[in-house]
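Undergrad: The lines below spell out each chain.
Protein chains: 2
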Amino acid sequence: MKIAIYGYGNLGRGVECAAKQNPDVELIGVFTRRAPETVKTRTGIPVYAAADIAAHKDEIDVLIICGGSATDLPKMTPVLAKDFNVVDSFDTHANIPSHFDAVNEAAAASGHIALISAGWDPGMFSLSRLYASAILPDGKDYTFWGRGVSQGHSDAIRRIPGVKDARQYTVPIPAALDAVRSGSMPELTTREKHLRECYVVAEEGADKAAIETAIKTMPNYFADYDTTVTFITAEEMQRDHAALPHGGFVIRTGKTGLDGEHTHTIEYSLKLDSNPEFTSSALIAFARAIDRMHKRGVNGCKTVFDIAPADLSPLSGEELRAHML
Amino acid sequence: MKIAIYGYGNLGRGVECAAKQNPDVELIGVFTRRAPETVKTRTGIPVYAAADIAAHKDEIDVLIICGGSATDLPKMTPVLAKDFNVVDSFDTHANIPSHFDAVNEAAAASGHIALISAGWDPGMFSLSRLYASAILPDGKDYTFWGRGVSQGHSDAIRRIPGVKDARQYTVPIPAALDAVRSGSMPELTTREKHLRECYVVAEEGADKAAIETAIKTMPNYFADYDTTVTFITAEEMQRDHAALPHGGFVIRTGKTGLDGEHTHTIEYSLKLDSNPEFTSSALIAFARAIDRMHKRGVNGCKTVFDIAPADLSPLSGEELRAHML
Numbered sequence: 088m089k090i091a092i093y094g095y096g097n098l099g100r101g102v103e104c105a106a107k108q109n110p111d112v113e114l115i116g117v118f119t120r121r122a123p124e125t126v127k128t129r130t131g132i133p134v135y136a137a138a139d140i141a142a143h144k145d146e147i148d149v150l151i152i153c154g155g156s157a158t159d160l161p162k163m164t165p166v167l168a169k170d171f172n173v174v175d176s177f178d179t180h181a182n183i184p185s186h187f188d189a190v191n192e193a194a195a196a197s198g199h200i201a202l203i204s205a206g207w208d209p210g211m212f213s214l215s216r217l218y219a220s221a222i223l224p225d226g227k228d229y230t231f232w233g234r235g236v237s238q239g240h241s242d243a244i245r246r247i248p249g250v251k252d253a254r255q256y257t258v259p260i261p262a263a264l265d266a267v268r269s270g271s272m273p274e275l276t277t278r279e280k281h282l283r284e285c286y287v288v289a290e291e292g293a294d295k296a297a298i299e300t301a302i303k304t305m306p307n308y309f310a311d312y313d314t315t316v317t318f319i320t321a322e323e324m325q326r327d328h329a330a331l332p333h334g335g336f337v338i339r340t341g342k343t344g345l346d347g348e349h350t351h352t353i354e355y356s357l358k359l360d361s362n363p364e365f366t367s368s369a370l371i372a373f374a375r376a377i378d379r380m381h382k383r384g385v386n387g388c389k390t391v392f393d394i395a396p397a398d399l400s401p402l403s404g405e406e407l408r409a410h411m412l
Numbered sequence: 088m089k090i091a092i093y094g095y096g097n098l099g100r101g102v103e104c105a106a107k108q109n110p111d112v113e114l115i116g117v118f119t120r121r122a123p124e125t126v127k128t129r130t131g132i133p134v135y136a137a138a139d140i141a142a143h144k145d146e147i148d149v150l151i152i153c154g155g156s157a158t159d160l161p162k163m164t165p166v167l168a169k170d171f172n173v174v175d176s177f178d179t180h181a182n183i184p185s186h187f188d189a190v191n192e193a194a195a196a197s198g199h200i201a202l203i204s205a206g207w208d209p210g211m212f213s214l215s216r217l218y219a220s221a222i223l224p225d226g227k228d229y230t231f232w233g234r235g236v237s238q239g240h241s242d243a244i245r246r247i248p249g250v251k252d253a254r255q256y257t258v259p260i261p262a263a264l265d266a267v268r269s270g271s272m273p274e275l276t277t278r279e280k281h282l283r284e285c286y287v288v289a290e291e292g293a294d295k296a297a298i299e300t301a302i303k304t305m306p307n308y309f310a311d312y313d314t315t316v317t318f319i320t321a322e323e324m325q326r327d328h329a330a331l332p333h334g335g336f337v338i339r340t341g342k343t344g345l346d347g348e349h350t351h352t353i354e355y356s357l358k359l360d361s362n363p364e365f366t367s368s369a370l371i372a373f374a375r376a377i378d379r380m381h382k383r384g385v386n387g388c389k390t391v392f393d394i395a396p397a398d399l400s401p402l403s404g405e406e407l408r409a410h411m412l
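So the protein sequences, as listed, match chains H and U.
Sequential numbering of the first sequence, starting at 88, is according to our numbering.
Sequential numbering of the second sequence, starting at 88, is according to our numbering.
These are computed hints drawn from the structure, not numbers from a lab.
These numbers come from a predicted model, not from an experiment.
No residue lacks a Cβ here, since even glycine has one placed at the ideal position from N, Cα and C.
So the derived label-pair ranges between C-beta atoms look like this:
1. ASN182(H) - GLU279(U): 43 to 51 Å
2. VAL126(U) - GLY384(H): 45 to 53 Å
3. GLY404(U) - ARG245(H): 35 to 43 Å
4. LYS89(H) - GLU192(U): 31 to 39 Å
5. PRO248(H) - GLU279(U): 52 to 60 Å
6. SER403(U) - THR320(H): 49 to 57 Å
7. ASP346(H) - ALA321(U): 26 to 34 Å
8. ALA122(H) - THR277(U): 52 to 60 Å
9. ARG246(U) - LYS89(H): 56 to 64 Å
10. LEU345(U) - ARG246(H): 26 to 34 Å
Listed next, the stretches of chain H that the computed footprint assigns to chain U, with coverage defined by at least 3 CB atoms under 8 Å from CB atoms of chain U:
11. 392-399
12. 402-409
Next comes chain H alone, as it looks inside the complex (with noise of 0.2 Å):
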């Protein structure tokens, strides 16, 4: 399967890194937005313009969007299904179904076939809940994100004025964690399933009890929360703080049963190390599995929901069956 990746941030460079591991995967190249003889891929592999990819379209089985959700994928997707079969990450998850239809309809005129939110969240996890939902109706479901790096809350403090830098971990509530795996199905309001751990780096003669005071009591953001806020120097948040890991959990505990007497507990968990790389690692799976469908005949936006895992792994099925199953 020959890939290529569109748009070389953090994500594309863990695309780049997950091809080599697979065997079956061959990366024709990069495309960017910027100037070409600018950007330095990590193995070498090529560097083109991102105009100039309809140039490339007989090279290309699964083009890789490596862009971001906020503005850069409701545009980029659509128009690149046109032309390729795509996988993207979307992950606004209250846009997902505009996004779909969008995509959808590009894809299903042109004969592509695209894969939107591949990722874990949404992904792996979604495909958690759908399953866990599926075998215990009578049941409730719970999703805890981290301990991680919100790239959205850390921009949020970095916007208050005097902030110079800022990093954010979301951080899962162990004692709301507990009650969920009981099975007592509890209601959890937000403060009490997660805290937000700030670490901020302030300009010099920066008012440091205002900065904590705009960060806690941000709406959306913080102030549902219950926040630390941490000051730390420039070279402590280099050296301890460079890293984008993340992780979660989804529970769901169900009832089954002549009378609901029997209690289950299905949990997924993830603990990663870097959350870009990670999520490459899934485009990849999921990049080989839309081009197997696309040479079956099959065309139009798809979700993880639609994959049949088999799809996913370079094993034949003889081989699931033999060794996985």
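Go by the hints and put chain U onto chain H.
TA: What follows is chain U alone, placed relative to chain H:
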């Protein structure tokens, strides 16, 4: 969807209860090899003789075969797949390829669809192994079972002279779980992964020391494990060990990055009050999927690897994308 149950033991009773939790499922009856008038169902659904099942062909969308893997299913599933869409929970891992071939031949020839080896292992654990290995090819996975009752090991103890009743729990060893979760990819021996807890009711006057030795030295079942043997009374057995809990863990750790510099841990775990009721609940969800696939013209033998997750849920694609992705 109209379903029927073939075989009315623990699993069949579980399917009967699970059907009630799914409004789109109608259970039309139970088929038994016993005299139907001697079988009383938990919810009052009709009981028919297994021999008469052909007369009910047109009333059943999917037949859920609730037999044992040792002798029942290898015979039943291929025969019943000639007249019905079927689901089974065949769980003898080593014989899955031959069972698949026999069932596939029958189902493909008759235009039916069959799904074998649904449940949790094989089943949800298999899916967890497949997803995790597809995403993290440079890694290693581990499956732990328990804490839970192993019926096979309990039966093996019951066959020892002087034993009146026995219950065996398979217990994962916490130090092994921790070593796996650390990402160090340890090589673990059988003895390091699980221990075996045995509760035994001895016959009056039996030689307990001899029973304990017979258990601990039994090849395949116990000799390779650290095993504890506790003698209890028949009353204690009834009071403390009547349930059939089970569960376990599938954990894969893997590396990503240019030089494998980042480690990730994917963990799926189940904690089940009732092993047969959870398996039954999974059988219903997979029955829904094959009913839909058959109506789309699919036939032949399938496994959980071949089922697009969306087909397991009563929700529509739109609903799933809006609320679960």
